[in-house]
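Enquirer: These are the residues of each chain, in order.
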Amino acid sequence: MKDIFTKISSNKELKIGVIFLIMLILIAVFAPHIANYDPYVLNDDIIAKPSSKYIFGTDGLGRDVFSMVIYGSRTSLKIGVLAAAISSVIGTLIGGIAGYIGGTVDKIISEIINMFLMLPTFFLILIVVAIYGGSLKNIIIVIGLTSWTGTARLMRAQAMSLRERTFIKSAITIGESNKEILFKHIIPNGIFPIIADSTMAVSSAILSEAGLSFIGIGDPNVVSWGKIIAHGRGYLTNGWWICTFGGIAIIFTVLAFYLIGEGINNLLNPKSSRLN
Amino acid sequence: MALLEIQNLNITYKTDKKEIRAVKDFSLNIDTKDSIGIVGESGSGKSTLAMGILKLLPKGTTKTTGKILFDGVDLLELTEEEFRKLRWKDISVVFQKSMNSLSPVHKIGFQMKDIYRVHEPDARDEEVRKRILELFRFVNLSDRVYNLYPHELSGGMMQRVSIALSLIYYPKLLILDEATTALDVVTQGQILDEIMKLEEALDLTRIMITHDISVVASSCKKVVVMYGGCLLESGYVYDVLVNPKHPYTQGLLNSFPDFIGEKKDLRGIPGSIPDLSLEYKSCIFTNRCKKAKSICFEKIPKIKTFPNEWNVACHLLGGFDGE
Amino acid sequence: MKKYIWKKVLTGILTIVLSFCFTFFLIRCAPGNPIKVLAGTDNPNPELIEHLTTKYGLDKPISVQFINYLKNVLKGDFGYSYISNESVTKLIKERMFPTILLTLTSSILSLVLGTFFGVYAARKVGTGIDKFMCGLSYIIDATPGFWLGMILILIFASTFKILPTSGMYDIREDYQGIYKALDVIKHMILPCITLCIIQIPLYFRMARSSVLQIMSEDFILTLRATGMKENRIFNKYILRNAIIPTITMFSLSLAFTISGVALIEIVFAWPGMGRLIMDAIKNRDYPLLTGIYLMISISICIVMIITDIVYALMDPRIRYE
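So the sequences go chain by chain: A, B and C.
Convert by adding 79 to the 1-based position in the first sequence; the result is the number in the working numbering.
Convert by adding 49 to the 1-based position in the second sequence; the result is the number in the working numbering.
Convert by adding 685 to the 1-based position in the third sequence; the result is the number in the working numbering.
Heads up, some of the hints might be wrong.
Cut-off 20 Å, straight-line C-alpha distance, at most; resulting in silico cross-link-like pairs (DMTMM-like, lysine to aspartate or glutamate) [unchecked claim]:
| # | chain 1 | residue 1 | chain 2 | residue 2 |
| --- | --- | --- | --- | --- |
| 1 | B | Lys270 | B | Asp288 |
| 2 | C | Lys914 | B | Glu131 |
| 3 | B | Lys353 | B | Asp74 |
| 4 | B | Lys104 | C | Glu915 |
| 5 | C | Lys693 | A | Asp185 |
| 6 | B | Lys138 | B | Asp123 |
| 7 | B | Lys134 | C | Glu915 |
| 8 | C | Lys914 | B | Glu169 |
| 9 | C | Lys967 | C | Glu771 |
| 10 | C | Lys921 | B | Glu169 |
| 11 | B | Lys108 | C | Glu915 |
| 12 | B | Lys162 | B | Glu183 |
Don't read these hints as lab results, they were simulated from the structure.
Use the sequences and the hints to build the structure in full.
Expert: Shown next as structure tokens:
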């Protein structure tokens, strides 16, 4: 535990990212205590400027923007983390199988990965959500199911290099089954770059959700930063504060996950940190 | 007459936390038409030495002191622009990873021509081409290589291209840094033979950096044994490699199969290379030396000269330093 | 080379087929009844049901439907918009030009500028300016493009009132010829700047890391040892080698760019595909939506194949495989 702590503090990116993330989690957990208004309640003051009463002002319906931004962290974190978890599990499995088994299986899976890379993923997510409805659950599942290709490519490369290592060869010789080798050796030994990649996936899931909400097909029942921004678009000339703070919240959150991913990558691969 | 005189050369790599002294107090004379092999384990500083002579070490992170006299001129005193005029014309090099020694997206002929024009900017196309093809013949390459890309050649062929390239101005000094290490034994033998023939024809002086003693034995006149950045023993191949005086050289020879005589036990030298970020006040090899005596732990040995330009840095020879 | 290109073309075709399957099954597997989806309303009247059933052959087995759909797409018939009852192909054609104009202009500008900055940072690696540029590229990556667009509108249009914020032409004027072009350029400035800011970090990082990687290659050492001047080594050898991965980046980022463009178009009311998508979603015009998706997929595949060929032409290691 202490070891993990010193590792984290030794890397600047990781340190800042983790501090940001802890702040975010605290904000999300204690949202009801931090927010001074119910984000759904329409106050009497419409398009009120930021003031001591409304820290970030109010929107066109009189909702308190500060409270909405605070509650929005819950939506973003939930979507980001869960979608990234789905895509990482799928990507790890598919990539692990392709890289470890190799041969025809690998060829087919690689081809599928190449095809997915050419697809405009955001539009696919958009169509599915438009047709099937934009509940939080749908959005999470769709983002998760469409963004596993990066992880799969990474895991495939990991598995391919691990496959050549002596300890895997001896495991094969001893007669361990493919399934055992995959889950006991290949995946655990190749998982660290995947973790770094997953934190990046959280970032892109959060950005995708913001885009969907901006178009107007996010979950209508929750507060979301994308939705706040979309709402603010109608008040650009007389209410700059409505869209501004939601965007800053997105940048802050996405940056936190980017930094953590970058930090882990740098720890794993000191040489690349010099290059990047 | 000495073509290259290295005097008290020190090369230090500086990182945030420590300084690594890769070459320590190194002195060596190389005469015109010598062929000298520098052997040592990886980490012995032999490649750093080569890069130091070529002034190719990164400037910010390394410090070089001492003197490198080439034809009487101290290379370390020259400005980059002055030295640039000597590069390749007088001193050229062949690196280990020959596959990567040329740009992968330019044709070989194009690159060689471009390099020829570095010092001969007015050379006519036909003239340059003729010279390159002549060099190709020297190293047994067909003319067709001129129009190929590096990735279309095998390792051995690329190594021949690199050698041809290094000879493009008929330099005075040629440094081969592990130039044949990555090749199979047959190709290695052929290339070594070609190099020796070229040497005769072109009056080359050659420094051969390798960890393979058999390469030195079969292609060099003299040998330098390096360890931990220090020169431990140098002299003629038929002296040093036949009756080594330094315990390290003896150990090194025991770890190679004999190239003339009968089968004998192969032995490695126990222990590992020294940590060069530490300051050593004793003989650098002491910790692994089976013959070490108490003095070996206390003082850095001076270099003792024996007849026939045979230099050895060891306390155990010729009495105790005569102090 | 031939084999390489064929492989790329094949992947492209397979991708289009995959997109095609997605759109087909997405509508057929929609919750409830595909008719509801195709009609765009939860309570279609009986005539509409009748009409749609015969039109899309919904009473026939799914395999027949699939083949019919495929046949239509091959003929260039992507279906009909439920709202305007016009062919999807025609609707898209009307909106295609503004989108292509915006995408290409911003992508090429970003490619040039991003590569330039990346090369510059690589030459100054480790210095303050390099670190600043890298940090900035991360912050921009974390910024949603549509939000950035709105902030630029706030700054340049609302506060300074210097640039138009919406549309492609000034609808109050009737410019002709060169004036019309200038008007379009004026309207393009803000959306283009937004898209460039969003895309530059991609090229910046790619160019920077590939220049640094090439600079550490052995052949650079050889060239230095020959006494070739640093500038010449850089301009002739490092750049030529480092530019190749940037070209792949251009095609790989295209799928990403298109979605960015769509959102930016909505922000700036640019009359392109983004608006069309937004309208289609609002009106629940699913045939139009899937048609757009297919068209975009096909365009991306074509551009990717072209870039791959350019890439192969630039890199002899692939050309001669």
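Enquirer: Would you mind marking each hint as holding or not holding in the structure?
Expert: We went through each hint and held it up to the structure:
no. : hint                : verdict
1   : B:Lys270 / B:Asp288 : holds (10 Å)
2   : C:Lys914 / B:Glu131 : holds (12 Å)
3   : B:Lys353 / B:Asp74  : holds (14 Å)
4   : B:Lys104 / C:Glu915 : holds (14 Å)
5   : C:Lys693 / A:Asp185 : holds (17 Å)
6   : B:Lys138 / B:Asp123 : holds (17 Å)
7   : B:Lys134 / C:Glu915 : holds (13 Å)
8   : C:Lys914 / B:Glu169 : holds (13 Å)
9   : C:Lys967 / C:Glu771 : holds (17 Å)
10  : C:Lys921 / B:Glu169 : holds (18 Å)
11  : B:Lys108 / C:Glu915 : holds (14 Å)
12  : B:Lys162 / B:Glu183 : holds (13 Å)
Every hint from the earlier list agrees with this structure, and none is contradicted.
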